Amino acid sequence: MGQSIWQTMEKKGYSRREFLQLCTAAAAAAGLGKSGVAQVASAFQTREKPAVVWMHFQECTCCSESFIRASHPIVADALLDVLSLNYTETLMAASGFQAEKSLSDTIRDNKGKYIVLVEGAVPTKDDGVYCMIGGRTAQSILQTVAADAAAIVAWGSCAANGCVQAARPNPTGATPIHKLVNKPVINVPGCPPIADVMMAVVTHLLVLGKLPALDSLGRPKEFYGRRVHDTCYRRPNYDAGLFVESWDDENARKGYCLYKMGCRGPVTYNACSVVRWNEGTSYPIQSGHGCIGCSEDGFWDNGPFYQHLPSFPGFGIESTADTVGTIVGVATLAGVAAHAVVTNVRKHQVIAEVRAEERKES
Amino acid sequence: MSSPEIGAGAAPVVQKEHPIEYRRVYVWELPVRFYHWINAVALVMLCVTGYLIGAPIRAFYAAEAWQQYWFGWIRFLHFVSAFVYVFNFLARLYWGFVGNKYAKWNNFFPLTRRQRDEIVDVIKTDVLQTRMHGTISTGHNALAALIYFFTFLVFCFQTITGFALYSSMSNSWLPRMFVWIVPLMGGEFAVRFWHHLFLWFFVCFTIVHVYLAFYHDYIEGRGTISSIVGGWKFEREKE
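Same order as they appear, the protein sequences are chains A and B.
Just so we're aligned: the first sequence equals residues 168 to 529 in the numbering used here.
Just so we're aligned: the second sequence equals residues 76 to 314 in the numbering used here.
Simulated from the structure, these hints should not be mistaken for lab results.
You may find that some hints are simply not true.
Claimed, not checked - Below, simulated DSS-like cross-link-like pairs (lysine-lysine); rule was C-alpha separation at most 27 angstroms, straight line: (1) B:K313 / B:K179; (2) A:K278 / A:K216; (3) A:K514 / B:K176; (4) A:K527 / B:K179; (5) A:K280 / A:K268; (6) A:K280 / A:K346; (7) A:K201 / A:K216; (8) B:K313 / A:K514; (9) B:K176 / B:K313.
Please read all numbers here as calculations on a predicted model, not as lab measurements.
Starting from the given sequences, assemble the full structure and let the hints guide the process.
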């Protein structure tokens with residue numbers, strides 16, 4: 168307790184050079200660049216490293232899985248190594264009462280200074296009984312943990328917008344974190360979020376000690392400011408109107424745009440096409456599969472994934488707005504045609520009337 | 076056999092004791108006519124390009140991406156038409172306050188007893204055709220005007236959702252004003268769905284509108300079709 172990152176590293180036998188390497192990588196991850204290295208080094212040397220608690224609620228742990236696969240191992244290792252990760256159900260050695268004590272001690276000893284990383288949504292229906300840890304509901308744990316936190320990060324779509332738990336009909340009343348706490352929450356959506364993005368957000372908090380610039384949905388602008396579509400390497404095919412028509416056609420082999428195969432790139436804000444996954448190897452579109460929009464609110468309910476337009480509610484799975492529109496359009500034409508027939512009958516009567524009038528007058 | 080005077084106001088053709096006389100009324104002023112035709116062209120453009128954006132056709136697959144930009148052009152046309160259509164609509168709103176009595180804003184709301192009676196009358200005469208001769212209004216009939224009002228609401232809806240979708244590709248203030256719509260409607264995917272769905276409203280509206288314009292000309296014979304070109308309609312003189 169009360170040590171800086173440098174002190175911890177020194178104790179563990181890291182060299183000064185390794186420490187500066189970490190600072191450089193951290194500066195890059197936080198978006199500071201080369202000129203920010205000195206700032207990072209000074210922060211890591213002088214500032215007490217913050218205590219971190221990592222909460223798991225309704226989730227699948229894919230965010231944790233993603234986090235430990237960051238492409239800058241030195242940053243990932245160092246962060247996990249040197250962070251005071253005082254509580255996390257998945258990685259901690261302690262269990263039972265010891266684990267719970269660790270959590271309550273951290274909260275007590277670091278009032279207003281610790282960082283909360285939340286993975287998973289919180290069920291609110293039926294007094295929150297659908298997610299209980301150590302005999303307490305997720306909701307009450309969250310309130311306790313969030314009360315004195317310096318910063319709250321909502322990892323993944325579950326914590327940021329509810330994800331699959333909150334998909335219709337949302338039986339457990341799964342609710343994203345930012346709706347349950349009255350503090351600013353950094354939303355890092357994605358199922359899971361990109362490891363390097365997660366790393367960068369944590370680094371930003373550590374280095375600068377403040378929240379990164381957020382958009383109106385609480386997402387770091389740096390990573391969620393642009394659509395997957397905007398930076399997609401297949402974008403020229405979109406503008407040229409070259410689309411994959413079916414999964415095994417010639418166009419798919421040529422790597423044309425997956426727009427017509429239901430790719431959600433044009434409506435999804437994420438950094439996949441820039442940062443990419445697995446040490447910058449690839450991302451879904453590069454692997455030939457459209458984006459499913461996993462970082463967007465309600466993406467589970469906007470199916471089917473392989474259709475450009477969502478299915479129209481109440482008209483069967485395969486019907487889109489266009490099918491419904493065509494039917495309504497044809498019905499309108501039919502109605503108009505029927506009306507035209509009646510009009511002609513009436514017009515004959517009008518002509519007859521006029522003739523009768525003429526005959527009377529002449 | 077041929078009787079050119081039938082139905083329509085061609086009174087001077089035949090000498091009669093009591094010829095039916097028609098008075099020429101200047102109904103649609105020039106700005107209204109301009110609004111109508113600019114709107115018509117813009118809407119057709121928006122519907123065609125909008126449909127293509129939602130469901131691109133298979134075209135030019137023989138060429139490579141660097142050789143063409145047709146889908147880009149389709150989208151460009153959609154955005155340009157949208158701007159034309161919005162400002163044209165704003166101009167029409169303005170004209171609703173300074174134009175003649177047929178263009179006035181209060182036509183579009185059935186606030187008076189007379190308008191409400193006319194709606195019933197129009198339904199009986201023109202929609203159900205259970206009555207031979209109803210009253211014939213000179214400008215918009217009350218039912219048509221009310222439906223135009225609903226159409227204006229759809230205009231607004233399409234404008235708002237359209238700009239909301241466009242805002243992610245633009246830094247200009249007009250589309251940026253509607254950024255907040257996206258999270259309100261549950262993400263861009265939902266906005267796109269609704270924006271696309273209402274395309275079909277315009278398709279149906281156009282079918283009915285064009286048909287009814289011809290219908291009124293066909294059965295009333297007083298220049299409904301030509302009025303949107305020249306502005307004049309013909310009103311039967313009271314005997």
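Status of the hints after comparison with the structure:
no.: 1; hint: B:K313 / B:K179; verdict: 25 angstroms, holds
no.: 2; hint: A:K278 / A:K216; verdict: 14 angstroms, holds
no.: 3; hint: A:K514 / B:K176; verdict: 31 angstroms, violated
no.: 4; hint: A:K527 / B:K179; verdict: 43 angstroms, violated
no.: 5; hint: A:K280 / A:K268; verdict: 18 angstroms, holds
no.: 6; hint: A:K280 / A:K346; verdict: 22 angstroms, holds
no.: 7; hint: A:K201 / A:K216; verdict: 22 angstroms, holds
no.: 8; hint: B:K313 / A:K514; verdict: 22 angstroms, holds
no.: 9; hint: B:K176 / B:K313; verdict: 20 angstroms, holds
Comparing the model with each numbered hint stated earlier shows that hints 3, 4 do not hold.
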